[in-house]
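Could you put together the complete structure from these sequences and hints?
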Amino acid sequence: METAIASPGTEERRGDDLISLHGLRKRFGGVHALRDGSLDLRRGEIHALIGENGSGKSTLLNILSGQFRADGGEVVLGSATLTPAAAQAELAQRVAIVTQELSLAPDLSVGENIHLGHSKRRRPWGIDWRSTYADAREAIRQLGVDIDPRTPLSQLRLDQRQLVEIARALVQGAPVLILDEPTSALTDEAVEPLFTVLRRLRDQGTAVVFVSHRLDELLGLADQITVLRNGRTVAARPRAAYTRQLLVSDMLGYEPEHYTPPALEVESTEGILEVRGLSVPGALREVSFEVNEGEVVGLFGLAGSGCSEAVRALAGLEPGASGTVDLGGRDSVPASPLEAGRRGLSFVPGDRGDEGLALEMSILDNLNLGGPARHSRWRRIRRNAEAEAGRAAAASMNLVASSLSAPVGSLSGGNQQKVLLARCLGVRPKVLVLEEPTRGVDVGAKAEIHRILHQARDAGLGILVTSSDLEEMLVLCDRFVVIFDGQVVAQARRTEVTETRLSHLASGEES
Amino acid sequence: MNESTTAPAPERAPQPAVDDRRSAPLWRTLLSNRAAVNVAGIAVMVVIFASLQPNFLTTANLQTLLSSITILWVLALGLTFVLLLGGFDLSVGSNLALSGIALGWLFTSFDLPMVMVIVLTILFGALLGGGVNGFLIGRMQASFMVVTLGTLTLFRGLVNLASDTKTQPVTSELLDNLAFGKVAGIPITLILMVVTLLIAWYVLRFTYFGRDVYAVGGNAKAARLAGIRVSRTTVIVYAIAGGAAALGGVIQVARLGAASPLVGETIMFDAAAAVLLGGTSLRGGSGGVGGTAVGVVFLGVLSNGLAVSGVQSFWQQILSGCILASAAVADKIQRDGWRSLEFRLPGALARSGGRARADTSG
Numbered sequence: 001m002e003t004a005i006a007s008p009g010t011e012e013r014r015g016d017d018l019i020s021l022h023g024l025r026k027r028f029g030g031v032h033a034l035r036d037g038s039l040d041l042r043r044g045e046i047h048a049l050i051g052e053n054g055s056g057k058s059t060l061l062n063i064l065s066g067q068f069r070a071d072g073g074e075v076v077l078g079s080a081t082l083t084p085a086a087a088q089a090e091l092a093q094r095v096a097i098v099t100q101e102l103s104l105a106p107d108l109s110v111g112e113n114i115h116l117g118h119s120k121r122r123r124p125w126g127i128d129w130r131s132t133y134a135d136a137r138e139a140i141r142q143l144g145v146d147i148d149p150r151t152p153l154s155q156l157r158l159d160q161r162q163l164v165e166i167a168r169a170l171v172q173g174a175p176v177l178i179l180d181e182p183t184s185a186l187t188d189e190a191v192e193p194l195f196t197v198l199r200r201l202r203d204q205g206t207a208v209v210f211v212s213h214r215l216d217e218l219l220g221l222a223d224q225i226t227v228l229r230n231g232r233t234v235a236a237r238p239r240a241a242y243t244r245q246l247l248v249s250d251m252l253g254y255e256p257e258h259y260t261p262p263a264l265e266v267e268s269t270e271g272i273l274e275v276r277g278l279s280v281p282g283a284l285r286e287v288s289f290e291v292n293e294g295e296v297v298g299l300f301g302l303a304g305s306g307c308s309e310a311v312r313a314l315a316g317l318e319p320g321a322s323g324t325v326d327l328g329g330r331d332s333v334p335a336s337p338l339e340a341g342r343r344g345l346s347f348v349p350g351d352r353g354d355e356g357l358a359l360e361m362s363i364l365d366n367l368n369l370g371g372p373a374r375h376s377r378w379r380r381i382r383r384n385a386e387a388e389a390g391r392a393a394a395a396s397m398n399l400v401a402s403s404l405s406a407p408v409g410s411l412s413g414g415n416q417q418k419v420l421l422a423r424c425l426g427v428r429p430k431v432l433v434l435e436e437p438t439r440g441v442d443v444g445a446k447a448e449i450h451r452i453l454h455q456a457r458d459a460g461l462g463i464l465v466t467s468s469d470l471e472e473m474l475v476l477c478d479r480f481v482v483i484f485d486g487q488v489v490a491q492a493r494r495t496e497v498t499e500t501r502l503s504h505l506a507s508g509e510e511s
Numbered sequence: 512m513n514e515s516t517t518a519p520a521p522e523r524a525p526q527p528a529v530d531d532r533r534s535a536p537l538w539r540t541l542l543s544n545r546a547a548v549n550v551a552g553i554a555v556m557v558v559i560f561a562s563l564q565p566n567f568l569t570t571a572n573l574q575t576l577l578s579s580i581t582i583l584w585v586l587a588l589g590l591t592f593v594l595l596l597g598g599f600d601l602s603v604g605s606n607l608a609l610s611g612i613a614l615g616w617l618f619t620s621f622d623l624p625m626v627m628v629i630v631l632t633i634l635f636g637a638l639l640g641g642g643v644n645g646f647l648i649g650r651m652q653a654s655f656m657v658v659t660l661g662t663l664t665l666f667r668g669l670v671n672l673a674s675d676t677k678t679q680p681v682t683s684e685l686l687d688n689l690a691f692g693k694v695a696g697i698p699i700t701l702i703l704m705v706v707t708l709l710i711a712w713y714v715l716r717f718t719y720f721g722r723d724v725y726a727v728g729g730n731a732k733a734a735r736l737a738g739i740r741v742s743r744t745t746v747i748v749y750a751i752a753g754g755a756a757a758l759g760g761v762i763q764v765a766r767l768g769a770a771s772p773l774v775g776e777t778i779m780f781d782a783a784a785a786v787l788l789g790g791t792s793l794r795g796g797s798g799g800v801g802g803t804a805v806g807v808v809f810l811g812v813l814s815n816g817l818a819v820s821g822v823q824s825f826w827q828q829i830l831s832g833c834i835l836a837s838a839a840v841a842d843k844i845q846r847d848g849w850r851s852l853e854f855r856l857p858g859a860l861a862r863s864g865g866r867a868r869a870d871t872s873g
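As they're listed, the protein sequences go chains A and B. Take 1 as the starting number for the first sequence in our numbering and just add one per residue. Take 512 as the starting number for the second sequence in our numbering and just add one per residue.
Calculated directly from the structure, the hints in this document are not laboratory data. This structure is a prediction, so every number in the text was calculated from the model and none was measured. It cannot be assumed that every hint is accurate.
Incomplete in silico selection of chain B near chain A, CB under 10 Å [stated by the list, open to error]:
{"no.": "1", "residue": "687"}
{"no.": "2", "residue": "690"}
{"no.": "3", "residue": "713"}
{"no.": "4", "residue": "717"}
{"no.": "5", "residue": "734"}
{"no.": "6", "residue": "735"}
{"no.": "7", "residue": "743"}
Built from N, CA and C at the ideal position, the CB exists for glycine as well.
Have a look at this one:
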């Protein structure tokens, strides 16, 4: 499988070329989303596509799957070279895509979902259910998993739903399968079975295109890696030619300075947030911990362990929560985000598009959302003061934006996250609570966000963070509270734990 | 507001230039501005009607035009708040009628000065909107469509109950002036329209409340997390729509010289059409009262011009229906582009898009 690959455009490749994209261009309005995108897909290969947010990855994938039409470039299908316009319908036929937002109907059964939109099991009298389910069963069996096709989809876990979507692509007979960040929402235990399925598909001759921000898993899985940067394909090499470092520098276009967190200088014992007996029905039982001034505490646990419910309860988003939350003056669990904010707790939600930002509103408006908590709502907005504060925040956050009046939705994920963070820091909270602080954020912005958080910590802010990214937690946190099955199973300083030990603790293997 | 905020890149790393967006050409900006397109449409209509009908551009007709759109104007301004919030209010027409009946009752039953009666009527309408619709939608978290569909019928039933389906004459000099009077040659209705527009525009554009409305309409979850009182904002917005409907009811009574139970039965459709035509989105969070004002004038000119030209009224309905439906499609194209449409030109037309190497090998 190991063929010599140089930079795109010059290579001579052996093997069974399935689809090649050359020099694709695509503009949206005045924005060049893609300037020179190339990709060579072969049968029986797992092909990783990587690049920072805004590098043109999704545009390239959308062209590959026939959803967008490129403005220029060429598409080679087998032996035919076509214009993007001519190839579009053909690509839509041959390429199946599984995105983060799964396109399944939750109220239908697994079997119905697998045949959704392309049922060949029609009979004059209606649908032939028996063969529909038999086909679905066969498709699932090919993946090497066991799911009853008659189960309603809504009863499946997220990782199982992903498999259903893959089975659906199999039934369509698409020779190319794209998975766009399939692991971002999965727990660690669910990732390995998915990879097994992908390897099996590869061995059966499918070309798998895999996108992920997690470099390590990508290096463990891919046979071939293509790197995009600023809308251009800048490198395409076999996996063996890559080290992690080379991959990162290809992606960024420079050698990143390794971000080493400044160590905690003075250990404070000045408690700033004290949580006692926090319970959320069905998720969390009697959890107690505290956060001191000037430290970052990591709440770590597997998906479903209750970490997310814990931080959301503190933010006033879990109406059923009980216990005491002491933020200077013993008190109950905040009943609303407004109350949490008034008591000095600011919350950065994990899903910024859904809960964090009003994407159509300007950056400036988003930085100041919720202003009336401190003013009468009928008062005139002090635009000049807001603009000034906004510029200062943008500068300190290193925000890359054309103008503060641009809609926040036009920014890259990393910059959107910075806007959200700037707003939450801007209210000068005593405690900052973050959920997945860098989900869907590229490597460069991720390090910057970590730097910003450590600066805030050194200025005396208490920070509580929960993230499914263990690597991130190890960089970010000074102390860990490990949660398993809704209960605290361990507390430890950063210096006392290793990555392995943390994962063990989080799986409930030691106590 | 064109400050450049590209922070100076630190020496250690070149910033990825992600946001190299350039501003679109002027014609595109104008075309994407719904209000500009509508103003152009109004201008074209005025030219056509004026050249076909000498009666169109007369002072008398322009006054007719003005008074025909006053009620719609006030109602549509209130409804704009609701749509910006991402909601809808089907009940404004019934609210208008019920407020009119309330005015008649206040007028005949109590010996209050007329100004007082008007103020109480508007408060009554605001209470119907905020206390009933707003309470159920904002506090009880009920669906706005179902709630206002219910109050549409409920308020209309109360109208008939309270009025015994009879029209109640209301004679007052103040009301008469409100509908037909002039100050320094300017019709009072025109002044009223300008003042209400300015107030609504100021509130939406310059106050914290206005930004809250856009924020809740844009992303209610994010608004709540940012500390905005979403349900209180909702109650206030429906109260504004109710108050605006009641003001429309006051003007209606003034015009008729009576409180009639039969008014406002279809006005909600016109008001919604004007708001949507003005570019405020049903999804909430984008649009504004300026567009609504233009939308009202657009519909008013269309209907008046056709009436003056002697075209039967059902043609007005057909035309304004077509215009609204096309506006919906134009809106979609403008937002997401041609490619987003689930519509392809048939056969030969589509194939002229070109096949194979034509542009690479020649």
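Okay, the hints, checked on the actual structure:
Below 10 Å, beta-carbon pairs count as interface contacts, and residue 687/B has none with chain A, the closest being about 33 Å; its hint is therefore violated. Residue-level restraint check for residue 690/B is violated (minimum Cβ-Cβ distance to chain A is 30 Å; threshold 10 Å). Interface restraint check for residue 713/B: the shortest CB-CB distance to chain A comes to about 8 Å, inside 10 Å, so the restraint holds. Taken as an interface hint, residue 717/B checks out: its beta carbon lies about 5 Å from the nearest beta carbon of chain A, inside 10 Å.
Hint on residue 734/B holds. Least Cβ distance to chain A is approximately 7 Å, under the 10 Å limit. Given hint, residue 735/B at the interface with chain A, holds; its Cβ is 6 Å from that chain's nearest Cβ, closer than 10 Å. Taking 10 Å as the C-beta cut-off, the interface hint given for residue 743/B holds, the closest approach to chain A being about 9 Å.
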